[in-house]
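Student: Starting from the given sequences, assemble the full structure and let the hints guide the process.
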Amino acid sequence: MKIEYDPKHDLLNIEFITEEAIAESVEFNGVIIDYSKDGRIVSIEILDAGKRTTKGPLDLLDLTIVKEKVIA
Numbered sequence: 001m002k003i004e005y006d007p008k009h010d011l012l013n014i015e016f017i018t019e020e021a022i023a024e025s026v027e028f029n030g031v032i033i034d035y036s037k038d039g040r041i042v043s044i045e046i047l048d049a050g051k052r053t054t055k056g057p058l059d060l061l062d063l064t065i066v067k068e069k070v071i072a
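Residue numbers for the sequence shown, in my numbering: 1 to 72.
The reader is advised that the hints may include incorrect statements.
What the hints assert, rightly or not - List time: in silico SDA-like cross-link candidates among lysine to any residue, alpha-carbon distance up to 25 Å:
{"hint": "1", "residue 1": "K8", "residue 2": "G39"}
{"hint": "2", "residue 1": "K8", "residue 2": "K51"}
{"hint": "3", "residue 1": "K55", "residue 2": "E19"}
{"hint": "4", "residue 1": "K8", "residue 2": "T53"}
{"hint": "5", "residue 1": "K37", "residue 2": "I14"}
{"hint": "6", "residue 1": "K37", "residue 2": "T18"}
{"hint": "7", "residue 1": "K51", "residue 2": "Y5"}
{"hint": "8", "residue 1": "K8", "residue 2": "V42"}
{"hint": "9", "residue 1": "K67", "residue 2": "V26"}
{"hint": "10", "residue 1": "K2", "residue 2": "E68"}
{"hint": "11", "residue 1": "K51", "residue 2": "I33"}
{"hint": "12", "residue 1": "K8", "residue 2": "E45"}
{"hint": "13", "residue 1": "K51", "residue 2": "E68"}
{"hint": "14", "residue 1": "K67", "residue 2": "I14"}
{"hint": "15", "residue 1": "K8", "residue 2": "K37"}
{"hint": "16", "residue 1": "K51", "residue 2": "I3"}
{"hint": "17", "residue 1": "K8", "residue 2": "V26"}
{"hint": "18", "residue 1": "K51", "residue 2": "E27"}
{"hint": "19", "residue 1": "K2", "residue 2": "D38"}
To be verified - Here are the simulated distance ranges between beta carbons:
{"hint": "20", "residue 1": "T54", "residue 2": "F28", "range": "18 to 28 Å"}
{"hint": "21", "residue 1": "A23", "residue 2": "K69", "range": "31 to 41 Å"}
{"hint": "22", "residue 1": "K69", "residue 2": "E24", "range": "33 to 43 Å"}
{"hint": "23", "residue 1": "K69", "residue 2": "D10", "range": "34 to 44 Å"}
{"hint": "24", "residue 1": "M1", "residue 2": "N29", "range": "35 to 45 Å"}
{"hint": "25", "residue 1": "K8", "residue 2": "K67", "range": "29 to 39 Å"}
{"hint": "26", "residue 1": "I3", "residue 2": "S36", "range": "29 to 39 Å"}
{"hint": "27", "residue 1": "M1", "residue 2": "G39", "range": "29 to 39 Å"}
{"hint": "28", "residue 1": "G30", "residue 2": "K69", "range": "32 to 42 Å"}
By construction, these hints were calculated from the structure, which means they are not laboratory data.
Quantities reported herein were computed from a predicted structural model and do not represent experimental measurements.
The C-beta atom is built at its ideal place from N, Cα and C for all residues, glycine as well.
Tutor: Right, dumping it as structure tokens:
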């Protein structure tokens with residue numbers, strides 16, 4: 001996963017799947033979701049991110065990863 005913020009254009013992009021072709025994009029109220037051919041979410045882009053969230057959205061980044069051990 002890759003998270004990028006472009007302060008010049010105020011765009012926040014969260015990329016879930018790298019090097020995957022985008023087959024379809026859907027925009028709703030300034031949020032664009034890109035899908036692969038098989039329907040997986042490739043990325044989410046937020047237009048005017050600083051206005052929609054907080055100024056400098058990556059300044060408040062708190063990344064917590066929770067991994068559960070699967071018992072078979």
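Student: How does the Cβ-Cβ distance of T54 and F28 compare with 18 to 28 Å: does it lie in that range?
Tutor: holds (20 Å)
Student: Is the straight-line distance between the alpha-carbon of K8 and that of V42 25 Å or less?
Tutor: holds (23 Å)
Student: Could you grab the alpha-carbon distance between K51 and I3 and see if it respects the 25 Å cut-off?
Tutor: holds (18 Å)
Student: Within 35 to 45 Å or not, the Cβ separation of M1 and N29?
Tutor: violated (23 Å)
Student: Given the hinted pair K51 and Y5, is their Cα-Cα distance within 25 Å?
Tutor: This hinted pair holds, its Cα atoms lying about 13 Å apart.
Student: I want to verify a distance hint. Is the separation of the beta carbons of K69 and D10 within 34 to 44 Å?
Tutor: Roughly 40 Å apart at Cβ, these two residues keep to the hinted range, so it holds.
Student: When you check the alpha-carbon spacing of K8 and V26, does it fall within 25 Å?
Tutor: OK: K8 and V26 at ~23 Å, within 25 Å.
Student: Given the hinted pair K8 and G39, is their alpha-carbon gap at most 25 Å?
Tutor: violated (31 Å)
Student: Taking 25 Å as the top limit, are the C-alpha atoms of K51 and E27 close enough?
Tutor: The hint holds at about 17 Å.
Student: Would you mind confirming whether the straight-line C-alpha gap from K8 to K51 stays at or under 25 Å?
Tutor: holds (13 Å)
Student: Does E68 lie within 25 Å of K51 when you go C-alpha to C-alpha?
Tutor: violated (35 Å)
Student: Is the hinted pair K8 and E45 satisfied, with a Cα-Cα distance of at most 25 Å?
Tutor: Satisfied, since the Cα-Cα distance of roughly 15 Å is no more than 25 Å.
The earlier numbered hints that this structure contradicts are 1, 3, 9, 13, 15, 24, 26, 27.
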